[in-house]
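In order, the protein sequence lines correspond to chains A and B.
For what it's worth, the working numbering labels the leading residue of the first sequence as 371, then goes sequentially.
For what it's worth, the working numbering labels the leading residue of the second sequence as 29, then goes sequentially.
I should point out that these hints are in silico values taken from the structure, not numbers from a laboratory.
It is possible that some hints are incorrect.
[To be verified] Listed below are the simulated DSSO-like cross-link pairs for lysine-lysine, each with C-alpha atoms no more than 30 Å apart in a straight line: (1) B:391 with A:373; (2) B:173 with A:440; (3) A:485 with B:143; (4) A:440 with B:194; (5) B:97 with B:221; (6) B:87 with A:475; (7) B:194 with A:373; (8) B:482 with A:373; (9) B:87 with B:173; (10) A:383 with A:475; (11) B:283 with B:194; (12) B:221 with B:194; (13) B:176 with A:372; (14) B:143 with A:475; (15) B:87 with B:97; (16) B:205 with B:283; (17) A:448 with A:646; (18) B:97 with B:182; (19) A:440 with A:383; (20) B:205 with B:256; (21) A:475 with B:205; (22) B:283 with A:475; (23) B:256 with B:221; (24) A:533 with B:391; (25) B:391 with A:372; (26) A:372 with B:194; (27) B:97 with B:256; (28) B:87 with B:256; (29) B:220 with B:173; (30) A:646 with A:678; (31) B:182 with B:87.
Please read these numbers as outputs of a predicted model, since none were measured by experiment.
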Amino acid sequence: MKKFHIGFFEHRKIYFAISIGIMLVGLIFNFIYGTQLDIKFTGGAVLRYSYTGTIDQEDVQRIVQQTTDKPVTVTVSKDVKKTGNSAKNNVSLSFAGTESLSLEKQQAVAADLAKEYPNAHFTVVESNSINPVMGRDFLLKCVISIVIAFLLLIIYIALRFKKIGGASAGAMAIIALLHDVLMVYFTFIIFRMPLNDNFIAVVLTILGYSLNDTIIIYDRIRENRRLMGPRTEYSVLVDTSINQTFTRSVYTASCTFLSIATVFVVGAVFGLDTVKTFALPMMVGIVTGCYSSVCIAGPLYVMWQNHKAKQRLENVPAKKSKK
Amino acid sequence: MFFIVAFLILFLTYTALFGIHVQNGDNSTTVIKGAGDIRWGIDIRGGVEATFSPETTQKATKDQLNSAKSIIELRMVKNNITDYEIYTDYNNDRIIVRFPWKNDEKSFDPESAVKELSATALLTFREGGEYTTTETGSDGQPVYKTPKGTTAEKIILQGADVTSAKSEMTQDETTGKSSYLVALELSGDGAKKFAEATERLNGQTISIWMDDVMISAPRVDAVITDGKCTITGNFTAQEASALAAKINAGALPFKLSTTNFSSINPSLGDSSLDAMFLAGCIAFALVSLFMLIVFRLPGLIAVIALMGQVALSFAAVSGYFPFLPSFTLTLPGLAGIILSVGMGVDANIITATRIKEELWAGKTLDGSIQRGDENSFWAIFDGNITVIIVALILMLVFGPTNILSLFFGPSTTGSIYSFGYTLLIGVIGNFLMGVTATRLMTKSISGFQFARNKWLYGGAAQ
Numbered sequence: 371m372k373k374f375h376i377g378f379f380e381h382r383k384i385y386f387a388i389s390i391g392i393m394l395v396g397l398i399f400n401f402i403y404g405t406q407l408d409i410k411f412t413g414g415a416v417l418r419y420s421y422t423g424t425i426d427q428e429d430v431q432r433i434v435q436q437t438t439d440k441p442v443t444v445t446v447s448k449d450v451k452k453t454g455n456s457a458k459n460n461v462s463l464s465f466a467g468t469e470s471l472s473l474e475k476q477q478a479v480a481a482d483l484a485k486e487y488p489n490a491h492f493t494v495v496e497s498n499s500i501n502p503v504m505g506r507d508f509l510l511k512c513v514i515s516i517v518i519a520f521l522l523l524i525i526y527i528a529l530r531f532k533k534i535g536g537a538s539a540g541a542m543a544i545i546a547l548l549h550d551v552l553m554v555y556f557t558f559i560i561f562r563m564p565l566n567d568n569f570i571a572v573v574l575t576i577l578g579y580s581l582n583d584t585i586i587i588y589d590r591i592r593e594n595r596r597l598m599g600p601r602t603e604y605s606v607l608v609d610t611s612i613n614q615t616f617t618r619s620v621y622t623a624s625c626t627f628l629s630i631a632t633v634f635v636v637g638a639v640f641g642l643d644t645v646k647t648f649a650l651p652m653m654v655g656i657v658t659g660c661y662s663s664v665c666i667a668g669p670l671y672v673m674w675q676n677h678k679a680k681q682r683l684e685n686v687p688a689k690k691s692k693k
Numbered sequence: 029m030f031f032i033v034a035f036l037i038l039f040l041t042y043t044a045l046f047g048i049h050v051q052n053g054d055n056s057t058t059v060i061k062g063a064g065d066i067r068w069g070i071d072i073r074g075g076v077e078a079t080f081s082p083e084t085t086q087k088a089t090k091d092q093l094n095s096a097k098s099i100i101e102l103r104m105v106k107n108n109i110t111d112y113e114i115y116t117d118y119n120n121d122r123i124i125v126r127f128p129w130k131n132d133e134k135s136f137d138p139e140s141a142v143k144e145l146s147a148t149a150l151l152t153f154r155e156g157g158e159y160t161t162t163e164t165g166s167d168g169q170p171v172y173k174t175p176k177g178t179t180a181e182k183i184i185l186q187g188a189d190v191t192s193a194k195s196e197m198t199q200d201e202t203t204g205k206s207s208y209l210v211a212l213e214l215s216g217d218g219a220k221k222f223a224e225a226t227e228r229l230n231g232q233t234i235s236i237w238m239d240d241v242m243i244s245a246p247r248v249d250a251v252i253t254d255g256k257c258t259i260t261g262n263f264t265a266q267e268a269s270a271l272a273a274k275i276n277a278g279a280l281p282f283k284l285s286t287t288n289f290s291s292i293n294p295s296l297g298d299s300s301l302d303a304m305f306l307a308g309c310i311a312f313a314l315v316s317l318f319m320l321i322v323f324r325l326p327g328l329i330a331v332i333a334l335m336g337q338v339a340l341s342f343a344a345v346s347g348y349f350p351f352l353p354s355f356t357l358t359l360p361g362l363a364g365i366i367l368s369v370g371m372g373v374d375a376n377i378i379t380a381t382r383i384k385e386e387l388w389a390g391k392t393l394d395g396s397i398q399r400g401d402e403n404s405f406w407a408i409f410d411g412n413i414t415v416i417i418v419a420l421i422l423m424l425v426f427g428p429t430n431i432l433s434l435f436f437g438p439s440t441t442g443s444i445y446s447f448g449y450t451l452l453i454g455v456i457g458n459f460l461m462g463v464t465a466t467r468l469m470t471k472s473i474s475g476f477q478f479a480r481n482k483w484l485y486g487g488a489a490q
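With the hints as extra help, turn the sequences into a complete structure.
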């Protein structure tokens, strides 16, 4: 059976550099593009129609603006795969501002478009019109639920891993989790996907998943602390534990990654945006979730424990420290 | 033991997927619901979600919202929309409606449908009780539609004539039996018209209509002159308050406006369902292959256990178990199942790797299985409990009634709740299948002579 001997603690600086590097890239993108919030959070309206034949984008924009008195962005995507054999084109209208669009206006838009293009057969594929107050409530709820989840998870780890310094173990696990949340966030930024409820679902999934990874390593540390005795150095203890669980980490990550990648590929083939924008950040999250548990949480925990040990030494009377 | 557990899981899988139907003549009765009976969310099969709010600056009372809700319900039934969900948020004066768009309907015109739902209610009291058509509503009760003859012509009272309607309980003085009735209070003008009508129609029927649907057809027992009347019948408490709410809706002091509106075309929904099904099958096949190649016999057991876990998840949403009501499954809900299956794979991987480690450390087969099971248990336990914590928070925060209700009122979105629910069920299923069933099967099969070879468990070939 294959055994790993990777010096995770020794190479920690490389791992930290990789993570910080990626985050910097994400941050730069964030500065350039800004953060887009989906209309589910901000309020606003997006209508998507399918049609046959050809339409003129600027014409559509003019008509819709006239009907609704609102600036509108028109995006046309051709040959969208649909059920059945008929390939259809899609046109999506996103309205500026955060107000919802009344039903009367929506009907008027459809009617005016049908008048201009009688042969295009406009049909609603998807429509979303969200009130800004409700959008803000929803966003707040999402944020609060993530915060509550974080707090409860810290408490749980602190209780379960008392023997290996519960609170510090919990804190390091949370740093690893924050790392993953940031990575998922930057995935949305870099791929220019607006933050929506998918983002919340992915973040919460990755929280559970990455924490599971970290816990399995901590569990091994707890076990090895018993087996190897309290005199073992933290770096050795943690490295041994991570290496022992490494096979499992890789297997599980690849299995989950494989499944989500399948979902992503199928979603892309069928042209399902909701599925795609869920699966892509999820794939990133699974990789960083595994990476952060192995390469970030473990070494950080060792650094913290070493730091504490050093402080303890310094506090001991001078006689010993002279030696 | 191995065969019993494996058989039970296969049986569960089969019944959870296909259900059990009894053919009785031409009627097929569903004894146990299968995956085909799962109620899919509107994001999967297409449909409409709308939020209505009263168009007033004043806060609506609970009764007013209930009235508005009952009128929306009535109109859904009238439009043959039986599979709807409706929530009322009393704190923020919102009524949220979600309903699927039927595939057989050619024109996809959700705007008109929603507009019709929120239109101002038209309540009428009419002479006689003649109707044109009868349909069966979602509750199995007949729905009488479209007045005809004199009933169509003669309108006695309209919504504005009714000041209030309340359900009340009375007790029969001689028998002591309590019964429920609806007490109406009419405006001055209404009282006059009603007095005239009850005098003329004493002993006959006056029917009460909401829009195009007859909601009640009581008989006139006495001439009513003071504008206070009661409608009796063999009402239960619920029926009486439902009727009162419907009558009140006709007298609502506000209009309903649509503040949120989302719709998804069923054709789009169909293709996402196909896609998710396909993705699920491919992913399951890939994972099974991986487990078989890497872990051999424990891999096979893991695949059986995973099947059981998936079946359990579907069973929990389809209404397979009598104690778990069927649940609307949305795309995030499916994601929850996928994630919990991932946790199940993980549990099996941890145990199988632990057994493998022990084998390579030179232990006997039985000793390795024993130690592997013990060593892996707490890691799996802690990992799964944390996921349960996340799932519970999601359910509590985004549920119909939730811990944040105080601040936000009941849920405005069900999709994340659905994710939490399937995740929770999946993780419980994981404890049952990935932990308990896997261990039972591994221990038991290792007792058979043909399965004593350590190679089968990832050890060196003998």
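Status of the hints after comparison with the structure:
1. B:391 with A:373: holds, 17 Å
2. B:173 with A:440: violated, 42 Å
3. A:485 with B:143: Judged against 30 Å, a Cα distance of about 22 Å means the pair holds.
4. A:440 with B:194: Distance of about 46 Å is beyond 30 Å: violated.
5. B:97 with B:221: holds, 29 Å
6. B:87 with A:475: holds, 27 Å
7. B:194 with A:373: Distance of about 76 Å is beyond 30 Å: violated.
8. B:482 with A:373: holds, 19 Å
9. B:87 with B:173: Since the Cα atoms of residue 87 of chain B and residue 173 of chain B sit roughly 34 Å apart, the hinted pair is violated (cutoff 30 Å).
10. A:383 with A:475: violated, 58 Å
11. B:283 with B:194: This hinted pair holds, its Cα atoms lying about 21 Å apart.
12. B:221 with B:194: Cα-Cα ~21 Å, so holds.
13. B:176 with A:372: violated, 84 Å
14. B:143 with A:475: With Cα atoms ~12 Å apart, residue 143 of chain B and residue 475 of chain A stay inside 30 Å; holds.
15. B:87 with B:97: holds, 16 Å
16. B:205 with B:283: Cα-Cα ~40 Å, so violated.
17. A:448 with A:646: holds, 18 Å
18. B:97 with B:182: holds, 28 Å
19. A:440 with A:383: violated, 53 Å
20. B:205 with B:256: The hint holds at about 23 Å.
21. A:475 with B:205: Violated, because 55 Å separates the two Cα atoms, which is more than 30 Å.
22. B:283 with A:475: holds, 18 Å
23. B:256 with B:221: Status holds; Cα separation ~12 Å.
24. A:533 with B:391: Holds, at roughly 29 Å.
25. B:391 with A:372: Holds, at about 17 Å.
26. A:372 with B:194: violated, 77 Å
27. B:97 with B:256: holds, 25 Å
28. B:87 with B:256: holds, 28 Å
29. B:220 with B:173: holds, 28 Å
30. A:646 with A:678: It is violated: about 45 Å lies between the C-alpha atoms, which goes past 30 Å.
31. B:182 with B:87: violated, 36 Å
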